[in-house]
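Novice: Starting from the two chains in their separate frames, assemble the complex, guided by the hints.
Protein chains in written order, with the UniProt record's numbering: chain X, 1 to 285; chain P, 1 to 450.
Below, a list of computed lysine-lysine pairs in the BS3-like style, where the Cα atoms sit at most 25 Å apart:
1. X/Lys-232 to X/Lys-275
2. X/Lys-260 to X/Lys-279
3. X/Lys-134 to P/Lys-231
4. X/Lys-268 to P/Lys-231
5. P/Lys-231 to X/Lys-232
6. P/Lys-231 to P/Lys-309
7. X/Lys-206 to X/Lys-260
8. X/Lys-232 to X/Lys-279
9. X/Lys-134 to X/Lys-52
Covered stretches of chain P, as calculated for chain X (at least 3 residues, CB under 8 Å):
10. 25–36
11. 55–61
12. 164–175
What the hints contain is simulated information worked out from the structure, not anything from laboratory work.
Glycine included, each C-beta is placed from N, C-alpha and C at the ideal position.
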Amino acid sequence: MFTSVDDVSARLAETGYLASPAVATTVFLADRLGKPLLVEGPAGVGKTELAKAVAQVAQARLVRLQCYEGVDESRALYEWNHAKQLLRISAGRGESWDETRTDIFTEEFLLPRPLLTAIRGDEPTVLLIDETDKADVEMEGLLLEVLSDFQVTVPELGTVTATRRPFVVLTSNAGRELSEALRRRCLFLHIGFPEEELERRIVRLKVPGLGQALTESVVRVVGALRAMDLRKVPSVAETIDWARTLLALGAGALDETVVKDTLGVILKHQDDIQKAAAKLNLDAL
Amino acid sequence: MTAVADRITGLVGALRAHGVRIGTGETVDAARAVEALGLADRELLREGLAATLLHGPGQRAVFDPVFDLYFPRGVGGPDGAPADREALRDRLAQALAADDRAAMARLASEAVDALGGYGNSPGSDGFSAYQTLDRLRPQTLLARVRADVRGQEGGGAGFADRLLDDEIRSRIEEFRRLVGAEARRRVAERRGRDEIARRGVRPTADRVDFLFANRDQLTELRRAVQPLARKLATRLAARRRRAARGTVDLRRTLRSSLSTGGVPMRPVLRRRRPVRPELVLLCDVSGSVSGFSDFTMLLVQALHDQFSKVRVFAFVNRLDEVTGLLDHGRADPDGLGARIRAEATLTGWHGSSDYGLALGEFTERYGGAVGPRTTVFVLGDARTNMSDPNLNAVRELARRARRVYWLNPEPSNRWGTGDSAAPAYAELVEMHECRTARQLSALIARLLPV
Chain X
1 MFTSVDDVSA RLAETGYLAS PAVATTVFLA DRLGKPLLVE GPAGVGKTEL
51 AKAVAQVAQA RLVRLQCYEG VDESRALYEW NHAKQLLRIS AGRGESWDET
101 RTDIFTEEFL LPRPLLTAIR GDEPTVLLID ETDKADVEME GLLLEVLSDF
151 QVTVPELGTV TATRRPFVVL TSNAGRELSE ALRRRCLFLH IGFPEEELER
201 RIVRLKVPGL GQALTESVVR VVGALRAMDL RKVPSVAETI DWARTLLALG
251 AGALDETVVK DTLGVILKHQ DDIQKAAAKL NLDAL
Chain P
1 MTAVADRITG LVGALRAHGV RIGTGETVDA ARAVEALGLA DRELLREGLA
51 ATLLHGPGQR AVFDPVFDLY FPRGVGGPDG APADREALRD RLAQALAADD
101 RAAMARLASE AVDALGGYGN SPGSDGFSAY QTLDRLRPQT LLARVRADVR
151 GQEGGGAGFA DRLLDDEIRS RIEEFRRLVG AEARRRVAER RGRDEIARRG
201 VRPTADRVDF LFANRDQLTE LRRAVQPLAR KLATRLAARR RRAARGTVDL
251 RRTLRSSLST GGVPMRPVLR RRRPVRPELV LLCDVSGSVS GFSDFTMLLV
301 QALHDQFSKV RVFAFVNRLD EVTGLLDHGR ADPDGLGARI RAEATLTGWH
351 GSSDYGLALG EFTERYGGAV GPRTTVFVLG DARTNMSDPN LNAVRELARR
401 ARRVYWLNPE PSNRWGTGDS AAPAYAELVE MHECRTARQL SALIARLLPV
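If we strip away everything but chain P, and leave its shape as in the complex, we get (with noise of 0.2 Å):
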């Protein structure tokens, strides 16, 4: 039992090292777990350990592979001398033809050992997923694959044929993440379990850093939008109902305590102005920061309802309002940032992103969309590209908008490197760190107008 409860905490460090929070008393659930389950079977042992470590679904992204590499389907490579290239291509289009997931999971396993091996000298070699992948070319065998389950269907002239394609590719994906994590496993018999459950494994969406997101991660977090914002929407609404409370208001506490004699019985609280907030978002999406603004406007514009106005602005180095093109209905997040660069003027000469010209240009030309109502977001790295930061527009924004605040997507240890003017705009209006969908979403809780 002494090894089977070192493999269970050593998950539970793994995950904690991932960011989900486990206590000592869940720990104990798992092991409990585990007995009443055994270990016969290792699909009913990772649901057990899920139920009863995991607190929310956006963990299990995170738990799947780090379960693969503690309690692994074996060890070693498999028996046999190593399959050859086109052999394995020939089974690999019969099993997708099939759609058996079993043989995938072999073919997998037998690829990674096959194809997967790189260096000769202890402590250099390995095996890579990205290798593997790339000889055997799963992606090239769509057609012929397409043209084996018509062939054994007879023609294919059933409707739900023309979905063939994006299931043969959605089995061909699921046969990378095999593969992916299948040389997992094997690196980490060489290097250690522990190394590589910290280091190999992605972390979950919303910890991605938004410069550094590829472009599935960011499919990804797109999706998180409509969720996230909902959460927001009841912590706004609830904030609100905190807020309306208000203080003690003395002269009219004193007026009604005239009808007890004079002892205040009652006191009577301040009420508060009904104000509507208004939203304007000064966005850069410029390539650098795009991945960031994206979802910053998806998220605002996910939130519209909680304002009377939201104003959405994006520039480069010229600037140009979009918040049509974000109308309800009409956004279809996937194609956004194509069309914001499609649809609006936002660059001039040149391509790269200049603060200072975007930021004159919006004081001069939309300076009445900011009134003391308005609280401002100005979404951006700060990143001036050498030229002047124009920090006169940044001060006449400042005293006309009720708040400012910018949200950078930089670590601030490398605020003010470079070609980065985040500190001279950071006197001037409040600076936040903002760099990934986790400190966003804590970020506009906390600091949107209620």
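Here chain X stands alone, though its shape is the one from the complex (with noise of 0.2 Å):
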């Protein structure tokens, strides 16, 4: 798929999606080693969008399963049509048993779920797992078999195997500690807040209207209240926001009363904004 890291940067930027070195490597290596990639990190810094970029580069479908508490395997892998097998049989009246007993359970009677899915299909293909932390344990016995040998096995009709290894992305906000063995079938990518020169470009690149130092200054602020110690640090997402709102209220520079202002975009809790507010000398709100 790729030929180099600077490919997988360049490829990317395309599409809009800046990746920083560790990300392009880890996804050049996922590619080259035919492994799944896990990614990890805090919320709002394009765990998701990573994914999504890939298929774009990539020209493939996009196959997303979204977990949560409960999933399971009708809702993951497959599923009988139940409904359809019953007319089947209520329609063939008269037949034997034998021949309805083998015609209700094919392929025209099975409905393929994300991961069953992603593993049959001949074109090129990546398959999203999104948030694998919220799923219960179980779901991670059953992603085993998937992620190492990228086959499913169907009681009913065999195991099938994929023709085409399909680029497999895992995210996680590591609200549960994922199982040492779904690691170990991993490339491990933690995306942290980017550095200050990526993200001014990131900031550049999604907000093009505004000016050069503003650009940098809300940058500079946005990297200090990351170094505080707060309820929920702000993410490129809320960056991004909040060069946004400055854009759309026209704002020339950033001081006091803009910064007053507008610090609910990017700090989300009462206590949060007022120890900001005092580490940035502002009045008292």
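Specialist: Here it is as structure tokens:
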């Protein structure tokens, strides 16, 4: 898919995703070694976006499995279409049992769910397993077979093996410690907050109308806030929101009033706002 | 390729010695990654090895210094004559003002070479980061760098200018880190890489001994409280779900079997009464163990929504309730210890800890806080400074509470040495060794009532 690490960054950048060297290297390796990619990091740094960008670059279809508490085999893997099977049985009256039995467990009556869909396709595929930490531990066991051998066993049909390995991205917010077995099968990538230079480029790309000096100050202030001990530190998504807000307000430069009025865009807790105000020497809010 | 393979296996060995669990499969993957990436770009190599070998973000803090040792930027000292101190300071000030990372790395290497060397006979000589920084004193450059930056920008009118001091401080911190890495590399060339990788690299924060942790490490630990609490909460919830399944209720199974002609088709499970566990924490906050107590208090407070009631008491030789000081939102973790010592009455006539007196005061004044649904945690090293351990108070506590656990931050082989009354207390209540954050979280997950 990719020829070199620089190739990865260049092509991701074309889709509007600016990758740090760590991200580009790991994506390159995941493609080369054919291993799934486990992405962790705080909310709003672009974990899901990465999968979408890779799909766009590779011109692959994106299959997404959103995990939640209680997601199970029939939601993730496959399910038999019971209603259709019943219809088939009642339509084929007069048939012998053997004929019916072999007929109702065929592809026609199978409802493929994301994991099976991703494995069966012939076209290039990016499989995104989003918020893996939300799923139960049992679900991880299911993923192990899929991720190590890229195959799924359906008892009535046999084992389906991928003809073309999908590019797999798992994301996690570290709400729960994922099992060691799952981690061992994946390449691990932690996306943290970007370096100042990279974040400036991101803001410039996403909010092109914002002036050079203002962009620089926005990134510096957000960087200072991240160094503080806050309940919810601002993420890249918040930086972009703030930049958009400032653009909409038509602010030419940061000053006390503007910052005071818009601090709520980047900080989501009242005590965080107060702490930040003290840090930035704003008058009491 | 064999030389590279040796490097990789050496790196893996050093990481394993620091508690990072790496299997052979991952080592092979790492080698394949090196093959795919080539050795030309060191930073790509670093990211590639990290992606294949590591499993969690906390391990990165160990990985980076170890990587620097096994795949160093260069060998030997810098070329040219050793620079003198004033010239180094001038150039460092320029690099800091421009935030030029490459120049800072070069300066770190020159500074260690010129100022860090000690000893002169082979075997006992080496390079010291501490000595380098002590002679160079980069922290005193702050005012000069600030003036430089303001001069370039012209007046410093911008809003973000008020952040300048902090930014410069963090650049200086970065330089100190570079000097540390450089000194380690130079020493490793003399003494052998494997030894330095095992001894000279700091362990991850959750494996640092509470009693020996320095201020930075304690701050780092405090930041880990929230994520750790979230993990423990999900683990507790899972335990609660499992526990709710209960055992077979024989009487009701037989009763319901009457409807199927006396054949018990469906076992009826015993319902568990929903209990609301209560938690009481008794924390020794005297100097010797305060790091441990602070951390545990914050952790338990972060878990408060898992319990109907959490009460926290602190003591040195007198005891006072501090639950209010830990309130959510109010608790500024950094100043917590200082605030507790300032606002609560913890000491009587002297300042050293006295378990007997404090425990006696607890049973006397707050005896009502402990009931049959209460689990009590006592945190402390059980060093009574030769005074009476007051075993009766502990016996009384153990009788009234549902469970009493004692978490001791000292290694178990030192219990009972000197003025430690640990063995006497351990006979009455369950005592656990709890030296690191990792041990603590394992214990909490196991011992907390559900």
